[in-house]
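Participant: In case you want the letters, here they are:
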Amino acid sequence: GQQLNQSPQSMFIQEGEDVSMNCTSSSIFNTWLWYKQDPGEGPVLLIALYKAGELTSNGRLTAQFGITRKDSFLNISASIPSDVGIYFCAGPWAGTALIFGKGTTLSVSS
Amino acid sequence: GAGVSQSPRYKVAKRGQDVALRCDPISGHVSLFWYQQALGQGPEFLTYFQNEAQLDKSGLPSDRFFAERPEGSVSTLKIQRTQQEDSAVYLCASSLQGAVGYTFGSGTRLTVV
Chain F
1 GQQLNQSPQS
11 MFIQEGEDVS
21 MNCTSSSIFN
31 TWLWYKQDPG
41 EGPVLLIALY
51 KAGELTSNGR
61 LTAQFGITRK
71 DSFLNISASI
81 PSDVGIYFCA
91 GPWAGTALIF
101 GKGTTLSVSS
Chain A
1 GAGVSQSPRY
11 KVAKRGQDVA
21 LRCDPISGHV
31 SLFWYQQALG
41 QGPEFLTYFQ
51 NEAQLDKSGL
61 PSDRFFAERP
71 EGSVSTLKIQ
81 RTQQEDSAVY
91 LCASSLQGAV
101 GYTFGSGTRL
111 TVV
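Those protein sequences? They're chains F and A, same order as listed. Last residue of the first sequence: number 110 in the working numbering, and the count goes up by one each step with no gaps. Last residue of the second sequence: number 113 in the working numbering, and the count goes up by one each step with no gaps.
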């Protein structure tokens, strides 16, 4: 079935560094969503992208909707310890259901 | 309520036991979703309700899984004759009708022993 491929699978960075992660698909998506999940919690929506080429920011987070509509990127600038968690990309599939990637686990050392 | 509330937070079941997981969506949210998240994986869609109508149950892995939302508010996910492979976090989410980025609850972690 359809899969979203996220990379890298995990990242270990120093506080203050910038982070980049991406998500690719073999199919076209009309919407890309980025979620963050903390341990023991459900995913929380960070950014939603609705148009190819769109660049959207939310504080230190910036996400882009790839022009091919088959990929998306998330950047985090000047990372802080509370950025630790698992970042998921997701897109609507077969109606209202969302399909998720397997996530990128971010670790930040101070 | 302010957020999506799920109970219990943790459930340990013996293999073969039936379990019921509860979800209280955000007040006024028409759409309600159930997802299953295995360890180290992203959430996977199980089923979707619009008000009390179950419009999509294509993600339910077997006929041992059953979900209901009889009054269009609280929903229950029931798993009969639990198996070890059912061990996962079960996430509920709700949204206004047509909204794509919905709000998740904290989940119920089910462990089948």
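Incorrect hints may appear among the rest.
Straight-line alpha carbon distances no greater than 20 Å define the calculated SDA-like cross-link-like pairs of lysine to any residue that follow [unchecked claim]:
#, chain 1, residue 1, chain 2, residue 2
1, F, 102, A, 13
2, A, 57, F, 40
3, F, 70, F, 81
4, F, 70, A, 11
5, A, 57, F, 96
6, F, 102, A, 16
7, F, 102, A, 87
8, F, 102, A, 11
9, A, 57, F, 2
10, A, 57, F, 70
11, F, 70, A, 40
12, A, 11, F, 93
13, F, 70, A, 85
14, F, 51, A, 57
Label-pair restraints from in silico Cβ distances [what the hints assert, rightly or not]:
#, chain 1, residue 1, chain 2, residue 2, range
15, A, 39, F, 75, 35 to 41 Å
16, F, 26, A, 62, 23 to 29 Å
17, F, 20, A, 16, 35 to 41 Å
18, F, 30, A, 51, 22 to 28 Å
19, A, 2, F, 62, 25 to 31 Å
20, A, 12, F, 30, 19 to 25 Å
Sample of chain A residues with no beta-carbon within 12 Å of chain F, all distances over it, derived [claimed, not checked]:
#, residue
21, 9
22, 15
23, 17
24, 27
25, 28
26, 37
27, 44
28, 56
29, 72
30, 78
31, 84
32, 97
33, 107
34, 109
FYI, nobody ran anything at the bench for these hints, they're computed from the structure. C-beta atoms are modelled at their ideal positions from N, C-alpha and C, and glycine is treated no differently.
Participant: Hints first: check each against the structure and report whether it holds.
Facilitator: The hints, checked one at a time:
1. F:102 x A:13: violated, 27 Å
2. A:57 x F:40: violated, 26 Å
3. F:70 x F:81: Since the Cα atoms of residue 70 of chain F and residue 81 of chain F sit roughly 31 Å apart, the hinted pair is violated (cutoff 20 Å).
4. F:70 x A:11: violated, 38 Å
5. A:57 x F:96: holds, 12 Å
6. F:102 x A:16: violated, 29 Å
7. F:102 x A:87: holds, 18 Å
8. F:102 x A:11: Violated. Residue 102 of chain F to residue 11 of chain A sits at ~24 Å, over the 20 Å cutoff.
9. A:57 x F:2: holds, 18 Å
10. A:57 x F:70: violated, 27 Å
11. F:70 x A:40: Roughly 23 Å separates the two Cα atoms, so the pair is violated.
12. A:11 x F:93: violated, 30 Å
13. F:70 x A:85: Measuring from Cα to Cα gives roughly 32 Å; hence the hint is violated.
14. F:51 x A:57: Answer violated: residue 51 of chain F to residue 57 of chain A is near 29 Å, above 20 Å.
15. A:39 x F:75: 35 to 41 Å: With a Cβ separation near 28 Å, residue 39 of chain A and residue 75 of chain F fall outside 35 to 41 Å, so the hint is violated.
16. F:26 x A:62: 23 to 29 Å: For residue 62 of chain A against residue 26 of chain F, whose Cβ atoms are near 28 Å apart, the range 23 to 29 Å holds.
17. F:20 x A:16: 35 to 41 Å: The hinted range 35 to 41 Å is violated for residue 20 of chain F and residue 16 of chain A, with Cβ atoms some 47 Å apart.
18. F:30 x A:51: 22 to 28 Å: holds, 25 Å
19. A:2 x F:62: 25 to 31 Å: Between residue 2 of chain A and residue 62 of chain F, where Cβ atoms are some 28 Å apart, the hint holds.
20. A:12 x F:30: 19 to 25 Å: violated, 41 Å
21. 9: Check fails; 8 Å does not lie beyond 12 Å.
22. 15: Holds: least Cβ distance 25 Å, greater than 12 Å.
23. 17: With a cut-off of 12 Å, residue 17 of chain A remains clear of chain F, as the shortest Cβ separation is near 24 Å.
24. 27: holds, 18 Å
25. 28: holds, 17 Å
26. 37: violated, 9 Å
27. 44: Check fails; 7 Å does not lie beyond 12 Å.
28. 56: violated, 6 Å
29. 72: holds, 16 Å
30. 78: holds, 20 Å
31. 84: holds, 21 Å
32. 97: Check fails; 9 Å does not lie beyond 12 Å.
33. 107: Residue 107 of chain A not clear of chain F: closest Cβ-Cβ about 5 Å, inside 12 Å.
34. 109: violated, 8 Å
Comparing the model with each earlier hint shows violations of hints 1, 2, 3, 4, 6, 8, 10, 11, 12, 13, 14, 15, 17, 20, 21, 26, 27, 28, 32, 33, 34; every other hint is respected.
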